[in-house]
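Participant: Just so you know, the sequences run in chain order A and B.
Letter by letter, the first sequence follows residues -3 to 585 in this note's numbering.
Letter by letter, the second sequence follows residues 639 to 932 in this note's numbering.
The set of hints was computed from the structure by calculation and includes no laboratory data.
Treat the hints with care, since some could be wrong.
[As the list claims (entries may be wrong)] List time: in silico DMTMM-like cross-link candidates among lysine to aspartate or glutamate, alpha-carbon distance up to 20 angstroms: (1) Lys901(B) - Glu551(A); (2) Lys754(B) - Glu562(A); (3) Lys894(B) - Asp187(A); (4) Lys754(B) - Glu226(A); (5) Lys754(B) - Glu551(A); (6) Lys894(B) - Glu480(A); (7) Lys460(A) - Asp430(A); (8) Lys310(A) - Asp418(A); (9) Lys874(B) - Glu558(A); (10) Lys832(B) - Glu558(A).
Remember, predicted model here, so these are calculated numbers, not experimental data.
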Amino acid sequence: MTCTACGTVNTPDSRFCKQCGVALQVLCRSCSAANTPDSQFCTTCGAPLTHKALSPVPRATQLVSGGALQGQVAQIVKVLGGLNCGRCGYRTCAENALAIVRGESAPDSCVQGGAEVAKQIRAILGQPERPSLGALLWEQLTSIKLAIGLIVAIVLLSVIGTIIPQGRDPLFYAGHYGMTGLRLIQLFQVDRLYHSWYFLSLLVLLAINTGACAIKRFRVSWELVRKPVEPRTAEEIAQLPTQAKLEPHLFKRLQELLVQRHYRVRCQGDQLIAHKNLWGRLGIDILHVSVIVVLMGGIAGGLLGFEDFQIARKGETFTVARGGFSVRVDDLWTVNYENSSQIKDWYTKLTVIDNGREVLTKTIEVNEPLTYKGISLYQASFGSDWLSGAELTFRIERVKDGTAEPVGEITTTVGATFPLDDGRTAKVIAFYPDFIVTEQGPANRSQALNNPAAFLEVYNGTHKEFSTWTFAQFPEFQHDFSKENPYRFYLVGMKAPQFTGLQIARNPGIPIIYAGFVLLIFGLALNFYVPPRRIWAAVKENTLYVGGLGREPREFEPDFEELIEELKSYHGSPAPQISQKEKEVIPHG
Amino acid sequence: MDSAFFFYVSAVGYFLGFVFYLLHLIGSPSDQKTDLGIVAASSPWVLKQTTWGKLATGTTLVTVLIGTVGMVLRTLELSRTSEFFLPMPVTNTYETLAFFSWAIPLAYLFFEWRYKLKAVGAFATGLAFIFLAVASSPLLSQEVRPLVPALQSYWLVFHVLFTLLGEAFFAVAFGAGILFLWLQRRGGNLQTLKMLDNLGYKAIALGFPLFTLGGLVFGAIWAQHAWGRYWGWDPKETWMLITWFFYALYLHVRVKWGWRDAKTAWLAVGGFAAAMFTWLGVNYLLAGLHSYAG
Ligand code: HEM
């Protein structure tokens, strides 16, 4: 049985390593049964023996040199006791010791040892007995635990924010959640959760956390990318998470296969070192840094930018105070799809006037804004002002002795009075573009021209004689409250001034955010699509040890196994099949 | 023949593929159980070749091609109603469902080709069938409608394309996760479980960058172009961020905490559920700017 700490081969029944004294077993975290160090599942209860993985660094097994544990790691393993209980999260005490030396695990991570062991470890590391506040803070800030806690908190709060509608007025919340609900919502700012101080703090903290992680990790990544990969001995190779033992004559073949797979291969005696894509490691750091860049862009936009909404009619000029210029709406129109009432696009022709001079004219449409002095005007919405500006055309008839005589046509507006032919006058009292009757009486369902209706009154002098409703879509239905009304009003034409809805915004954070996006995608692609690979091989005692490290232990396994399969299928004859084929071809040439 | 016909035929094709993959799964020799619970077989049965399996792969491959024809036709149909030419039909729920049910088997076939593992096929074709069946059902309008103004943007195409491609990989991870959990309960062999676990991680590792590019990056750029704000905490945007964080969480607990197997399998299932809620749940249960669904 091979010791997980120092690689010494012990007899199968050994419980402790004869060389370094570390326990040759891994305890199951569910049932505490002892398992061999290479077990993936507990042979007693079947629970998976999952442990934290050591991050692969240039020499993951700095543990050994000629079979003996080295320096601080060796001292810490001794202090830790070598029980391999797994409660720190690592498989073995030796792995935790290495993690502690590297700063990936805390000096007080040993659950079994408690405070006393933590003190001794700090002494070995030369850390003050009580770590300084700064060191403690840094440790917390770079901890993955904090990252996961923050992400979970952000996710949960975000879910709440999508369930409880945001930005409504207090009456809405009181109506839906009662008075207590309203008070709670206001107390915790749930009505504007995404802008609340605590949510924003969580986001900022996550970004700082991410950045701190990147800084802490960068040293290791950089070393891995820049430093030449060091050779490993057979014992060291045997400890790698992905490794195999093969017949020694395959050494040459392995070299060929690795070159075929674009590895850089070098040999030192009977040791082989191969690697590729090492710079792919930088991907994670680039992507973590990008998170900060995006956040800085967001903050810059929030502090220096603004968002406004402007409604304007044709011919109107409005000022954009933040930019110190004004904008005139020259024209606005909509285009429908052919033979359809479906809108294809909205257009507004705008002229920018700066310092009394017309500097820029552009027709904007949805997805096609105008930008001047860093301020953009977006076509956001479009509508017709039926409520205050409608122009209505009525055809008027008078019924006399059972027959209707035309009186004439008139175009007027709501509130205006117009004369009829017999000295009477009529007045348009109200106009509804989308008429509906509610409990409170007539009302508008929408601003669109779906069911237009007008209400008119007829006067004789100052005396109101008749009143009537008229509907554009139901012209024969003239609802008179006084049956003897001789007039018929037909709503034959309706026009309203159109208005355009413009989103006016400046966001100086955008270039920063986009730069962050580029970094983010670049980092992700590097990390996931250019996975770093290192492979070592060495011959010892008539055995070829091959092992390797990828980005993450299991991530590399399929590739590694494929390589080993191909190696095994090669039956070391000195004349490989390829050259036989070549021989067959030769006669023709 | 119109696109709907081809989508209809591909729904039938995925169903056949599903049945064949299922027969392949059932037809494989099951693991031996011992007192210890598990025994390692020399070659994991997920790698076994059966005639059903070959038939299933062939059917799925052909069906993906039929779906491709359907999508090309739909693109042409769309270009006849709108002058704005969208190179992909991704303007309403019907079209995106059809696209997704094309992307999932495609993502799956990549893994089958790369890792020779057919076990997840039943999930990929099954999901594709369900999504196409929902798309073709009377619940959704299959009508070709001209594009409303906000949708006339190439960013929309990139946004939907990459998001759904990423989610197709998440769907494969979801299938691997479910299969893992089911086999573990049955006491599947170690090597099989390990391969499924690894497959799930690989799928997420491939899908995450695509999803980030489509959902986060192109989504924000499109919103910036169309509405003048790249982010607005709209329920759809928020849920997409939740999904994204969820998968980031998956990657971290896996790489840093060494979570594996059942734990990450559950996370893969949860992540896919969040992705589906972002896509469909938000449209029908929560309201917002993005509700172009029809
Ligand atoms: C929005 C925030 C974050 C995102 C999107 C993110 C994304 C990622 C991704 C995609 C990976 C690669 C995983 C893999 O290779 O499978 C990764 C790895 C990692 N992340 Fe993050 N991360 C974030 C925040 C953080 C934070 C706050 C920390 C620090 C506590 C952190 C620490 C790490 C570490 C240590 C690794 C593993 C590196 C290795 O392989 O050795 N991340 N992250």
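Participant: If a hint holds in the structure, say so; if it does not, say that too.
Facilitator: Right, here's what the structure says about each hint:
no.: 1; hint: Lys901(B) - Glu551(A); verdict: 17 angstroms, holds
no.: 2; hint: Lys754(B) - Glu562(A); verdict: 15 angstroms, holds
no.: 3; hint: Lys894(B) - Asp187(A); verdict: 36 angstroms, violated
no.: 4; hint: Lys754(B) - Glu226(A); verdict: 34 angstroms, violated
no.: 5; hint: Lys754(B) - Glu551(A); verdict: 16 angstroms, holds
no.: 6; hint: Lys894(B) - Glu480(A); verdict: 88 angstroms, violated
no.: 7; hint: Lys460(A) - Asp430(A); verdict: 27 angstroms, violated
no.: 8; hint: Lys310(A) - Asp418(A); verdict: 39 angstroms, violated
no.: 9; hint: Lys874(B) - Glu558(A); verdict: 42 angstroms, violated
no.: 10; hint: Lys832(B) - Glu558(A); verdict: 15 angstroms, holds
In terms of the numbered hints stated before, the structure departs from hints 3, 4, 6, 7, 8, 9, listed from lowest to highest.
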